[in-house]
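Make the full structure from the sequences, and use the hints.
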Amino acid sequence: MEFIELILINKLDGVILKYPHQDNVDGTVCITGHHLILSSRKEGVHELWLLHKNIDCIEKKENKPSSGVTQGGSLFLKCKDLRIFQLDIANSTELNLVAQTLENLSSLQDPGLFYPFFYRHMHPIVEDGYGLYR
Numbered sequence: 040m041e042f043i044e045l046i047l048i049n050k051l052d053g054v055i056l057k058y059p060h061q062d063n064v065d066g067t068v069c070i071t072g073h074h075l076i077l078s079s080r081k082e083g084v085h086e087l088w089l090l091h092k093n094i095d096c097i098e099k100k101e102n103k104p105s106s107g108v109t110q111g112g113s114l115f116l117k118c119k120d121l122r123i124f125q126l127d128i129a130n131s132t133e134l135n136l137v138a139q140t141l142e143n144l145s146s147l148q149d150p151g152l153f154y155p156f157f158y159r160h161m162h163p164i165v166e167d168g169y170g171l172y173r
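Here this note's numbering runs 39 ahead of the position in the sequence shown, where the first position is 1.
Don't read these hints as lab results, they were simulated from the structure.
In this text, a Cβ means the ideal position worked out from N, Cα and C, and glycines have one as well.
Derived DSS-like pairs (lysine-lysine); straight-line CA-CA distance at most 25 Å: (1) K99 with K50; (2) K50 with K100; (3) K50 with K117; (4) K100 with K117; (5) K119 with K57; (6) K99 with K119; (7) K57 with K100; (8) K103 with K57; (9) K119 with K92; (10) K50 with K92; (11) K92 with K57; (12) K100 with K119; (13) K81 with K50; (14) K99 with K57; (15) K103 with K117; (16) K81 with K57; (17) K99 with K117; (18) K57 with K117; (19) K92 with K117.
Now the in silico label distances, taken between C-beta atoms and shown as ranges: (20) E44 with L90: 16 to 24 Å; (21) S113 with Y169: 54 to 62 Å; (22) S78 with Q139: 19 to 27 Å; (23) I76 with N102: 21 to 29 Å; (24) E142 with G53: 15 to 23 Å; (25) C69 with G168: 35 to 43 Å; (26) Q139 with Y169: 43 to 51 Å.
This is how it looks when you write it as structure tokens:
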């Protein structure tokens, strides 16, 4: 399985991050194979880099206007380090795609997929090292 199969949406603009005792951040969410990144692309504003394995629970609350049509909603990301982030998303379809993507990536079971770095040796192996010290 590749991460591309799990990531249903990889970039979303116009997301508002709400975090207790901090100013709201309006920015872009990027979802990679191992991190959720929220950046406002402004000087002096911190980016949020959240490892998917740090997400403990995802709660989705959709907005219900008086007309009965759902217009976006909020994702509450409860982390294993007891932080809670709220992401406000204006479109319901995008809200569902982000929620499903984060659910997929935060619940991986294969330990080989936990690590964000890999190395592929591109040069031919000249010596195996076994006969080096004989």
